[in-house]
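Student: Chains as they are written, first to last, in full-length UniProt numbering: chain Z, 1 to 547; chain B, 1 to 173.
To be clear, the hints were calculated from the coordinates, so they are not data collected in a lab. Keep in mind that a hint or two might mislead.
Below, a list of computed lysine to aspartate or glutamate pairs in the EDC-like style, where the Cα atoms sit at most 20 Å apart [said to hold, decoys possible]:
{"id": "1", "chain 1": "Z", "residue 1": "Lys420", "chain 2": "B", "residue 2": "Glu133"}
{"id": "2", "chain 1": "Z", "residue 1": "Lys420", "chain 2": "B", "residue 2": "Glu75"}
{"id": "3", "chain 1": "Z", "residue 1": "Lys384", "chain 2": "Z", "residue 2": "Asp354"}
{"id": "4", "chain 1": "Z", "residue 1": "Lys149", "chain 2": "Z", "residue 2": "Asp161"}
{"id": "5", "chain 1": "B", "residue 1": "Lys28", "chain 2": "B", "residue 2": "Glu95"}
{"id": "6", "chain 1": "Z", "residue 1": "Lys429", "chain 2": "Z", "residue 2": "Glu470"}
{"id": "7", "chain 1": "Z", "residue 1": "Lys187", "chain 2": "Z", "residue 2": "Asp141"}
{"id": "8", "chain 1": "Z", "residue 1": "Lys258", "chain 2": "B", "residue 2": "Glu133"}
{"id": "9", "chain 1": "Z", "residue 1": "Lys310", "chain 2": "Z", "residue 2": "Glu347"}
{"id": "10", "chain 1": "Z", "residue 1": "Lys429", "chain 2": "B", "residue 2": "Glu135"}
{"id": "11", "chain 1": "B", "residue 1": "Lys86", "chain 2": "B", "residue 2": "Glu133"}
{"id": "12", "chain 1": "Z", "residue 1": "Lys420", "chain 2": "Z", "residue 2": "Glu407"}
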Amino acid sequence: MGWKRGWRRKLTFLFMPCVSSCFSAAEEEQQAQSKKGLKKQQKEAEKAAKKAEKQAKVAAEQQSAEEDDFAKDRYGVSALVQSQQKLDRTLVRVQDLTPEKADQLIWLRARVHTSRAKGKQCFLVLRQQQFNVQALVAVGDRASKQMVKFAANITKESIVDVEAMVRKVEQKIESCTQQDVELHVEKIFVISQAEARLPLQLEDAVRPDGEGEEEGRATVNQDTRLDNRVIDLRTTTSQAVFRLQSGVCQLFRDTLTKKGFVEIQTPKIISAASEGGANVFTVSYFKTSAYLAQSPQLYKQMCICADFDKVFCVGPVFRAEDSNTHRHLTEFVGLDIEMAFNYHYHEVIESITDTMVQIFKGLRDNFQTEIQTVNKQFPSEPFKFLEPTLRLEYTEGVAMLREAGVEMGDEDDLSTPNEKLLGRLVKEKYDTDFYVLDKYPLAVRPFYTMPDPHNPKYSNSYDMFMRGEEILSGAQRVHDAQLLTERAQHHQIDLEKIKSYIDSFRYGAPPHAGGGIGLERVCMLYLGLHNVRQTSMFPRDPKRLTP
Amino acid sequence: MALRELSSLEKYLGLKKPNKYSTQGDKKVPVLQNNQGPPLVGLITIACHLVKEAKRSDLLGESAESRAVVQQWLEYRVTRLDGCTKEDSKSILKELNIHLQDNVYLAGNHFTLADTLMYYGIHPLIVDLTVQEKEQYLNVARWFDHIQHVPRLRHHLPPVAVLRNRIYTGRHH
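Let the hints inform the model, and build the full structure from the sequences given.
Tutor: Here is the structure:
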């Protein structure tokens, strides 16, 4: 360092004047100047010395720190996975972390649900879909202080690769799904980092509403969830709901295929409104306009007339109803059935109710984990059904309502509150959440419904209810072109618009009946939820078009 | 309204000769012109008079305490119940529900005039309750159903359906 040599020179200058005091005035002045200068230089030199000392200390610390970070290679942010290499590494699923795997060294990839540092330890909860497990990074012979600090600073929702030893725990970890084991982390790498600020906190999103109010903690309201659906769908509850929904679809297809049904696909862009023109979306179709199908009704029937005998279809249904209720969507998935029968439409009712019962049984037997997960956030009573399914006649239902004090006419349709009340009365009397109401009044059903042969005021039509809410509307269809024309005229429908529909019955048509259910509504009612948007992944209603 | 109540009461009490009533004031307070003295004014006054005439003083209470309670409920009927608003009706039903938790009838264990007049007065409220609300005010519904089935009591009022079993036992309704 340069100042060392200069300092000695200045020292010699300093000593010289002090030794001999009999100098001339000019020399004294010169000496005074150099004294001041020396003092200034002295101060600067002190300052520089202190700074250098500090720098040396920091450098020494860093060096020692680097020397102490023996775990440098065991953590960090990985380079972007662009398929650089094919690693032959098995990643274990969190749901498989049981005491059987104790004392094994495993790799896994999961999301960081929470991370909490406590002195020399960092507790992480690693989450994979519905399952989570506690992981521990502790200062020891495998992890350094810097590694623990790194782990504590990983942002929530980041995806990490972890190599850890599975250890059994004596006390059950109540807050995780894997309660009997804990991971002792040896390596942790961040594969995809999440931004620090999340639009909603997952812990808040799974908190039951009541608990939130009691403890003064936040819960997330529905609009926020739906606006940030990608994150909301990661919650354990959402994962469970949509896995169960997938199960419903699967069971529907399997049960019907076993019964000899054929799956068909029907067009959704159609030329005329099928269920009556009020609630249909119009699309521009080249030089004219077309409509989005309100139901596959007409095409299902045409398939029956085309000798397919028993058909079902799963596809979107579009209803332009400006209803902002808990159970209406503008687009939903319809599961529709149509079947030719031999002599009585009850053959079809039995087929449909048997399918529903098989679905309920399948859900009860194979999806208990999912049902319990949903119940943690949204408690409800288990779904009850009877075998064979309960079937009441409309007149019986009206009688039960009148007994409870409701006033209504014989041919009145059931209002929603009356449907719900009837559901409670049926539950109390027969102990079932699922039943069929048969022989509705003709006046309140669509024009293609077959009238009752013995009583012209009633019809061969039926509705099915789950927990007091309607899930299926069906009937025996009019399969005679002449009668169909009369019924359409009675309902004042323009015959020109349904000409091709009526034509399909002119060349021999078997007697047939059917019905359709809404997938989202069935899931909502089976789980005892209260809003159909909870069972629709990206719901569509009059106020929502994104995401 | 009050006049119809009084004529129903007469029929219940088995009084042979129906009286002629007139009314006074905007509130149509009933007046009974009596040969033996000044006219009787007011629903409660006339009702008590009719009961005495029919020699059914037991309907006014057996002991001094129960007589006081009966008078209290008769007052309640005229001052709180008649002409009450929607919000008041909820608090009245709540009060009644709490009182009827430990009492078979309003005045304890015996049927009295208080039950009759409260029944007439509260009928329009009960008619409008939904099944769920009737379950909420369970004791009132029980008492009401019992009173409306007392022979010869109902007369001018339509019966109200009260279910025997609870249907809203689930957690979320």
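Student: If a hint holds in the structure, say so; if it does not, say that too.
Tutor: Against the structure, the hints:
1. Z/Lys420 with B/Glu133: 15 Å, holds
2. Z/Lys420 with B/Glu75: 40 Å, violated
3. Z/Lys384 with Z/Asp354: 15 Å, holds
4. Z/Lys149 with Z/Asp161: Roughly 17 Å between the alpha carbons, so the hint for Z/Lys149 and Z/Asp161 holds.
5. B/Lys28 with B/Glu95: Given pair B/Lys28, B/Glu95 is violated - Cα atoms ~28 Å apart, limit 20 Å.
6. Z/Lys429 with Z/Glu470: 19 Å, holds
7. Z/Lys187 with Z/Asp141: With a Cα-Cα distance of about 12 Å, the restraint between Z/Lys187 and Z/Asp141 holds, given a limit of 20 Å.
8. Z/Lys258 with B/Glu133: 47 Å, violated
9. Z/Lys310 with Z/Glu347: OK: Z/Lys310 and Z/Glu347 at ~12 Å, within 20 Å.
10. Z/Lys429 with B/Glu135: 16 Å, holds
11. B/Lys86 with B/Glu133: 14 Å, holds
12. Z/Lys420 with Z/Glu407: 15 Å, holds
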